[in-house]
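Visitor: Sequence order for the protein chains is A and B. Mapping to my numbering: the first sequence position 62 is 87, numbers consecutive. Mapping to my numbering: the second sequence position 37 is 62, numbers consecutive.
Mixed in with the good hints there might be a few duds.
Since copy identity is lost for identical chains, a pair holds within one copy or between any two.
Stated by the list, open to error - Mimicking BS3-like on lysine-lysine, the simulated pairs with C-alpha atoms at most 27 Å apart in a straight line are: (1) Lys100 / Lys140; (2) Lys127 / Lys47; (3) Lys140 / Lys49; (4) Lys140 / Lys127.
The set of hints was computed from the structure by calculation and includes no laboratory data. Being a predicted model, the structure only gives us computed values, none of them experimental.
Number of protein chains: 2
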Amino acid sequence: MSEDSSNGTHLLLDLWGATNLKNKELIDATLHEAARACGATILDIHLHEFGNGGGITGVIVLAESHITIHTWPEKSYAAIDVFMCGSMDVSKSVSSFKDAFKPKRIEMSTHSRGK
Amino acid sequence: MSEDSSNGTHLLLDLWGATNLKNKELIDATLHEAARACGATILDIHLHEFGNGGGITGVIVLAESHITIHTWPEKSYAAIDVFMCGSMDVSKSVSSFKDAFKPKRIEMSTHSRGK
């Protein structure tokens with residue numbers, strides 16, 4: 026990894042009452058923005074559309090670990106996780122998700138990794 | 026997503042005193058095996074080698090969500106997460122990681138998502 030420490034923080038983020046969950050372009054842009062908000066280095070991004078009214082899975086691979094999103098438009102629900110090693114502040118990603126998906130309710134938990 | 030329910034379980038797995046953490050072929054095979062052990066449907070896999078003695082990041086995208094691994098060979102440490110929606114039993118993946126990386130110590134936590 027690019028950091029000299031394996032210490033990191035893993036944020037699990039559940040969005041309820043959310044919108045734009047089938048919008049692939051917006052999800053792509055939001056993953057990029059969330060990574061940039063944390064100062065992370067983007068290595069690769071992969072998006073998969075499930076079709077037939079289904080959701081989208083997005084994975085952005087970072088030098089500092091990853092961000093993933095899985096959306097269920099039929100439940101207005103999205104599950105996101107943001108894992109970054111080193112001194113990155115994963116909480117800086119949250120406003121990007123709020124702005125894009127406008128959830129009515131958010132549940133968050135943070136977990137120390139590698140300590 | 027392929028499941029009719031967004032309910033899922035997210036397993037965070039920390040391996041300490043682990044081996045084979047630079048072995049890209051083994052990591053590739055282990056991600057496949059872990060997904061198969063849970064009965065998950067593999068959509069895509071991406072592996073990134075950091076080089077210069079650094080670790081590997083691996084992401085396997087599933088119809089049921091994802092598995093990721095980030096390794097720090099210099100610390101004999103790997104951070105894994107296994108997220109599957111529906112009725113999948115994520116704990117069935119653990120023996121694949123134990124067999125491949127032979128950790129001296131494992132820390133695990135499970136988190137309900139989408140409930």
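Visitor: Under the constraints set out in the numbered hints, which ones does this structure not fulfil?
Guide: Failing hints: none at all.
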